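Line order of the protein sequences matches chains A and B. Under my numbering, think of the first position of the first sequence as 1, with each following residue one higher. Under my numbering, think of the first position of the second sequence as 1, with each following residue one higher.
Possibly wrong hints are sitting among the right ones.
[What the hints assert, rightly or not] Straight-line C-alpha distance at most 16 Å; calculated EDC-like pairs for lysine to aspartate or glutamate:
# : chain 1 : residue 1 : chain 2 : residue 2
1 : A       : Lys-5     : B       : Asp-100
2 : B       : Lys-78    : A       : Asp-395
3 : A       : Lys-122   : A       : Glu-188
4 : A       : Lys-260   : A       : Asp-237
5 : A       : Lys-198   : A       : Glu-49
6 : A       : Lys-260   : A       : Glu-60
Calculated directly from the structure, the hints in this document are not laboratory data. Note that the structure is predicted; figures quoted are calculated from it, not measured.
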Amino acid sequence: MFALKVARRYLTSNPAQTALLVTGVALGVTVFIFITALIEGLAVRLTDEVTANSAHVTLEPPTRLAEILRGDEAVRTEGVALVSTFQRRQIRAWRSTAELITRQPGVSALSPQISGNAFLVKGEAVQPVSVTGLEPEGLDAITPITPNLVSGQGALGADGLLIGTQLAEDLGLTAGQPVLLRTDRGGERLLTVRGIYKTGLQSLDSRVAFLSLQTARPLFDLPEGVTNIEIKLDDPDRAREVADFLAGATGLRATPWQEKNLNLEDALEAQGRTGTLIQIFSLISIIIGVASALVLSAYRRRSEVGIMRAFGISGGFIVAVFMLQGLLIGLAGGLLGCASGYGLCTFLASLTDADGNPPLPIAPERGGYVAVLILTTLGAVLASAFPARSASRIDPLEAIQQ
Amino acid sequence: MRQVLQARGIVMTFRNGDEETEVLRGVDVDLATGELVALVGASGSGKSTLLSILGLLLRPTAGEIQIAGERVDRLNEKARAAFRNRRLGFVFQFHHLLPDFTAMENVAFPAAAPAGGISPEMRRRALSLLDRVGLSDRADFPATRLSGGQKQRVAIARALMNKPDLIIADEPTGNLDLRSAGQVLDLMGEVNRQDGGTFLICTHDEHVAARCDRRIHLVDGKVQPDGERSDHLN
Numbered sequence: 001m002f003a004l005k006v007a008r009r010y011l012t013s014n015p016a017q018t019a020l021l022v023t024g025v026a027l028g029v030t031v032f033i034f035i036t037a038l039i040e041g042l043a044v045r046l047t048d049e050v051t052a053n054s055a056h057v058t059l060e061p062p063t064r065l066a067e068i069l070r071g072d073e074a075v076r077t078e079g080v081a082l083v084s085t086f087q088r089r090q091i092r093a094w095r096s097t098a099e100l101i102t103r104q105p106g107v108s109a110l111s112p113q114i115s116g117n118a119f120l121v122k123g124e125a126v127q128p129v130s131v132t133g134l135e136p137e138g139l140d141a142i143t144p145i146t147p148n149l150v151s152g153q154g155a156l157g158a159d160g161l162l163i164g165t166q167l168a169e170d171l172g173l174t175a176g177q178p179v180l181l182r183t184d185r186g187g188e189r190l191l192t193v194r195g196i197y198k199t200g201l202q203s204l205d206s207r208v209a210f211l212s213l214q215t216a217r218p219l220f221d222l223p224e225g226v227t228n229i230e231i232k233l234d235d236p237d238r239a240r241e242v243a244d245f246l247a248g249a250t251g252l253r254a255t256p257w258q259e260k261n262l263n264l265e266d267a268l269e270a271q272g273r274t275g276t277l278i279q280i281f282s283l284i285s286i287i288i289g290v291a292s293a294l295v296l297s298a299y300r301r302r303s304e305v306g307i308m309r310a311f312g313i314s315g316g317f318i319v320a321v322f323m324l325q326g327l328l329i330g331l332a333g334g335l336l337g338c339a340s341g342y343g344l345c346t347f348l349a350s351l352t353d354a355d356g357n358p359p360l361p362i363a364p365e366r367g368g369y370v371a372v373l374i375l376t377t378l379g380a381v382l383a384s385a386f387p388a389r390s391a392s393r394i395d396p397l398e399a400i401q402q
Numbered sequence: 001m002r003q004v005l006q007a008r009g010i011v012m013t014f015r016n017g018d019e020e021t022e023v024l025r026g027v028d029v030d031l032a033t034g035e036l037v038a039l040v041g042a043s044g045s046g047k048s049t050l051l052s053i054l055g056l057l058l059r060p061t062a063g064e065i066q067i068a069g070e071r072v073d074r075l076n077e078k079a080r081a082a083f084r085n086r087r088l089g090f091v092f093q094f095h096h097l098l099p100d101f102t103a104m105e106n107v108a109f110p111a112a113a114p115a116g117g118i119s120p121e122m123r124r125r126a127l128s129l130l131d132r133v134g135l136s137d138r139a140d141f142p143a144t145r146l147s148g149g150q151k152q153r154v155a156i157a158r159a160l161m162n163k164p165d166l167i168i169a170d171e172p173t174g175n176l177d178l179r180s181a182g183q184v185l186d187l188m189g190e191v192n193r194q195d196g197g198t199f200l201i202c203t204h205d206e207h208v209a210a211r212c213d214r215r216i217h218l219v220d221g222k223v224q225p226d227g228e229r230s231d232h233l234n
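Please build the complete structure, drawing on both the sequences and the hints.
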């Protein structure tokens, strides 16, 4: 293609200027990639932090609402069927439900639980706790407790209890010491602190106590059922889809993790919007840079373009020459920017602070490389449209007489 | 002899606000194949305007133009450009070579651009034209490394690339020293004699005009009949 040869020749005729232009585009692309990788990395880190320690889908008995009873029109009596607060809401057929869940693709773990509120009493110290009764072999299925033990051990046994460091500190407890658990159902039992964990999550470390499902049954007056089933998925992003399916299949209330963390979702969306704005401005700066350089080039080459037009070269050929210059600049700058952006992100991801974590939650593999390469190339071609059009309209007579 | 160019009643009026200037007032021009004709006249006589009109670079206010048997004054812009490319050759006072291309590429350009590349045949013809203008050893030289006379000879080779019916030259020696000007005139004369190339050369220079077969003398926008001709050359 001869127009491509002419475009290439124009670009290589002034290597310093072309290099400067390509570098400018590459810098814009680097900024784009850095911002994309940072925002994606931050989202991944925040999502990981939330989903790593909590269930991706929670199944609970459906909420029972008080129902207004409409009376006969003639009698006009009305009443309210009150919901029993004595009758414990539970999933009785939890074993068959668990089997159904296990058969679903993408389910990595599940944990039937009895959850309830209680007080831990140590001498005169009393602390409210959220108690989770679970099968001892599934202790780490939802929240990794065993790897986070700072003292004692993870074997719950018949009277064992695991608590967080903050709660232990508040009650002055250490591993091996007894403590009294008094539930909101009136159950009471002296248990032994088997281990103390530290997850780094304030809500867990100061408020939650784990014990075995069998120990929890009499304490919460649930001889057969469970209060909830927590599910972990291979891909947390599928939580909504899986929740919808399970709700339909079981008739239970299925809540995906996103609905329990609406603030996080809002924050991630706001962060994404900010990133998009920065990305748009990066692209605009690339387009303006390429357009201004090609406008100057078209002006500088007026007489050359004029002579081409004089000996009958079509306007389409001139447009192609300038748009191909835009394409080559966009492609070269895009590729260079992708390489430098990846290099920068990889370098930043390799840095570690005092805790051994990267100072920036950057995800080099999520820099949006293909998207930015396509957008930059298209943007540069778009930017060249105006100078290309104006060059193709140069009056040959005017240009020759200059 | 076959007519290459036939222009009848060419009128050109330029408007500047309410003011109208009639530069050409009913000009008739006839050129036969193989003629070497000088277009002469004093500054402001309208010869550059006439040359631009006959080269299809400017539309006349009125008049008819036929080149190589084709009526061209009614063609649209695209068709005019295509016609210029296929049937006309141009040599300007300033060579207007493309500085980023070699001598050979400059010569081949008018054929290569519409075709999408320089074919081996185009390359052969460009090299033969360069040989013809005495620059075969400069074929791969960038245009910027040629002397003024060499550049103008390359421009003549470029004008001949598409085997045009008519070559329009606007002061082709106006920017050259005497020696280079002589070489360029020799070359045009040679092409005219040997290939039967038809030239219309706009010039101020009596030496150039004297080497042509005949002159078209413009005075105040009209062709002066031969008998009434006075010397308006500078």
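To see whether the hints hold, each was checked on the structure:
no., hint, verdict
1, A:Lys-5 to B:Asp-100, "11 Å, holds"
2, B:Lys-78 to A:Asp-395, "13 Å, holds"
3, A:Lys-122 to A:Glu-188, "13 Å, holds"
4, A:Lys-260 to A:Asp-237, "14 Å, holds"
5, A:Lys-198 to A:Glu-49, "14 Å, holds"
6, A:Lys-260 to A:Glu-60, "14 Å, holds"
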